[in-house]
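**Student:** Sequence:
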Amino acid sequence: MKAKLERSRQSARECRARKKIRYQYLDELVADREKAVLQLRKELEYTQWARSLDEGHIPEAALKMVEEEKRKERERLADRDTNRQSLISLRGNPEKIGTFGDEEATGMP
Numbered sequence: 045m046k047a048k049l050e051r052s053r054q055s056a057r058e059c060r061a062r063k064k065i066r067y068q069y070l071d072e073l074v075a076d077r078e079k080a081v082l083q084l085r086k087e088l089e090y091t092q093w094a095r096s097l098d099e100g101h102i103p104e105a106a107l108k109m110v111e112e113e114k115r116k117e118r119e120r121l122a123d124r125d126t127n128r129q130s131l132i133s134l135r136g137n138p139e140k141i142g143t144f145g146d147e148e149a150t151g152m153p
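Position 71 of the sequence shown, counted from 1, bears residue number 115 in my numbering, the numbering being contiguous throughout.
Since the hints were derived computationally from the structure, they do not count as laboratory data. The beta carbon of each residue, even a glycine, is placed where N, CA and C say it ideally should be. Errors might be hidden in some of the hints.
As the list claims (entries may be wrong) - Pairs of lysine to any residue residues, derived as SDA-like cross-links and limited to a Cα-Cα distance of at most 20 Å, are as follows:
| id | residue 1 | residue 2 |
| --- | --- | --- |
| 1 | Lys108 | Gln92 |
| 2 | Lys46 | Lys63 |
| 3 | Lys86 | Ala105 |
| 4 | Lys46 | Ala56 |
| 5 | Lys79 | Thr91 |
| 6 | Lys108 | Arg118 |
| 7 | Lys108 | Tyr90 |
| 8 | Lys114 | Pro103 |
| 9 | Lys108 | Trp93 |
| 10 | Lys116 | Glu104 |
| 11 | Lys64 | Lys46 |
| 12 | Lys86 | Lys116 |
| 13 | Lys116 | Gly100 |
| 14 | Lys63 | Val74 |
| 15 | Lys79 | Tyr69 |
| 16 | Lys108 | Leu97 |
| 17 | Lys46 | Glu58 |
| 18 | Lys86 | Arg53 |
| 19 | Lys114 | Ser130 |
| 20 | Lys116 | Leu97 |
| 21 | Lys64 | Ala75 |
To be verified - Using C-beta positions, here's what the derived DEER-type ranges look like:
| id | residue 1 | residue 2 | range |
| --- | --- | --- | --- |
| 22 | Glu104 | Arg57 | 54 to 60 Å |
| 23 | Arg77 | Arg118 | 40 to 46 Å |
| 24 | Glu99 | Arg120 | 30 to 36 Å |
| 25 | Leu82 | Leu121 | 31 to 37 Å |
| 26 | Arg135 | His101 | 41 to 47 Å |
| 27 | Glu104 | Glu58 | 55 to 61 Å |
| 28 | Val74 | Glu117 | 38 to 44 Å |
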């Protein structure tokens, strides 16, 4: 009777292990399929954009993307100009430059 109970327990452990492995496999399969779907959606969107451009239409999303890039470029240029102005104002005041570790500008070692 004990042997039968032990075999039953062992069989249940093996069944649970197989079940766990099967679920892991299915999870990986789902993740792979989701990645494939996302890739196909990107490809479809690209194809639709290309078709619209071929027909002489500019997709709304493309216009938004261009506008966003222009805005970012303006911000970069504004930041660069602000940094230049800060450096120019610091050059006029050697004490401030020295606080940033520029020993040559202050003449101090």
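**Student:** For each hint, tell me whether it holds in the structure or not.
**Tutor:** The hints, checked one at a time:
| no. | hint | verdict |
| --- | --- | --- |
| 1 | Lys108 / Gln92 | 16 Å, holds |
| 2 | Lys46 / Lys63 | 26 Å, violated |
| 3 | Lys86 / Ala105 | 13 Å, holds |
| 4 | Lys46 / Ala56 | 15 Å, holds |
| 5 | Lys79 / Thr91 | 18 Å, holds |
| 6 | Lys108 / Arg118 | 15 Å, holds |
| 7 | Lys108 / Tyr90 | 15 Å, holds |
| 8 | Lys114 / Pro103 | 17 Å, holds |
| 9 | Lys108 / Trp93 | 13 Å, holds |
| 10 | Lys116 / Glu104 | 18 Å, holds |
| 11 | Lys64 / Lys46 | 27 Å, violated |
| 12 | Lys86 / Lys116 | 24 Å, violated |
| 13 | Lys116 / Gly100 | 27 Å, violated |
| 14 | Lys63 / Val74 | 16 Å, holds |
| 15 | Lys79 / Tyr69 | 15 Å, holds |
| 16 | Lys108 / Leu97 | 15 Å, holds |
| 17 | Lys46 / Glu58 | 18 Å, holds |
| 18 | Lys86 / Arg53 | 50 Å, violated |
| 19 | Lys114 / Ser130 | 24 Å, violated |
| 20 | Lys116 / Leu97 | 24 Å, violated |
| 21 | Lys64 / Ala75 | 17 Å, holds |
| 22 | Glu104 / Arg57: 54 to 60 Å | 58 Å, holds |
| 23 | Arg77 / Arg118: 40 to 46 Å | 42 Å, holds |
| 24 | Glu99 / Arg120: 30 to 36 Å | 34 Å, holds |
| 25 | Leu82 / Leu121: 31 to 37 Å | 34 Å, holds |
| 26 | Arg135 / His101: 41 to 47 Å | 52 Å, violated |
| 27 | Glu104 / Glu58: 55 to 61 Å | 57 Å, holds |
| 28 | Val74 / Glu117: 38 to 44 Å | 41 Å, holds |
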